[in-house]
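Listed in order, the protein sequences are those of chains A and B.
Take any residue in the first sequence, count from 1 to its spot, add 246: that is its number in our numbering.
Take any residue in the second sequence, count from 1 to its spot, add 57: that is its number in our numbering.
A few of these clues could be false.
[Stated by the list, open to error] Heads up, simulated DSSO-like pairs for lysine-lysine below, C-alpha to C-alpha not over 30 Å straight-line: (1) A/317 to B/94; (2) A/260 to A/329; (3) B/94 to A/255.
[Stated by the list, open to error] Covered, in the sense of this in silico footprint (three residues per stretch, anywhere, with C-beta under 8 Å from a C-beta of chain A), are these stretches of chain B: (4) 101–114; (5) 129–142; (6) 156–168.
If you are wondering where the hints come from, they were derived from the structure by calculation, not from laboratory data.
In this text, a Cβ means the ideal position worked out from N, Cα and C, and glycines have one as well.
Chain residues, written in single-letter form:
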Amino acid sequence: DGGITQSPKYLFRKEGQNVTLSCEQNLNHDAMYWYRQDPGQGLRLIYYSQIVNDFQKGDIAEGYSVSREKKESFPLTVTSAQKNPTAFYLCASSISATGNYGYTFGSGTRLTVV
Amino acid sequence: DQQVKQNSPSLSVQEGRISILNCDYTNSMFDYFLWYKKYPAEGPTFLISISSIKDKNEDGRFTVFLNKSAKHLSLHIVPSQPGDSAVYFCAASTGDGNKLVFGAGTILRVKS
């Protein structure tokens, strides 16, 4: 079954620590995206990647970093510079970054700072 | 500045009746619109989409209407079923990098 796998489902982080969220897809999609969901604010774009070894900042990239060394993988690191990291994080992919295509989403990771 | 707005945080509908979810947008460059459905603790799933060259798209119980002059789209669900209870997100794209801009979502509750 093709899809997107996010892990872990729940993650707790101490203040001042970096933490990495995993996102893997076996859909052979070129483009991948990271969104953050906060109550009442919809989904906001953090970073996106149109192709391997290339990525661009989204609307709220400060305090986050990503890499795209393989087509299948797009991990997100939440650094200590992110002031309010507690949120629900969603990874998505699409066939292509050019043209209009819908996204396939993973099931999300809920990050809580303790 | 929210480019995609869903002004109704929640909607409650009786089973069998019509559910109408609304979405407004401000960016006239948007040319592709989508609706996603999301259950708690899960990722959104694609429901239906519409291109700006159309004003209506239908898929089973789901119909999306687009009014470009009013920068407004709506999702109609007929008949509504209890399993339709979820959060519905409206999203839009300019086709530039295929980056979707999402609304804040509307919680739909279908009562049996």
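Verification of the hints:
1. A/317 to B/94: Judged against 30 Å, a Cα distance of about 27 Å means the pair holds.
2. A/260 to A/329: Holds. Residue 260 of chain A to residue 329 of chain A sits at ~12 Å (cutoff 30 Å).
3. B/94 to A/255: Distance of about 19 Å is within 30 Å: holds.
4. 101–114: It holds: at least three residues are needed, and the segment 101–114 of chain B offers 5 whose Cβ sits within less than 8 Å of chain A.
5. 129–142: violated (count 0)
6. 156–168: holds (count 7)
Consistency note: the structure conflicts with earlier hint 5 alone.
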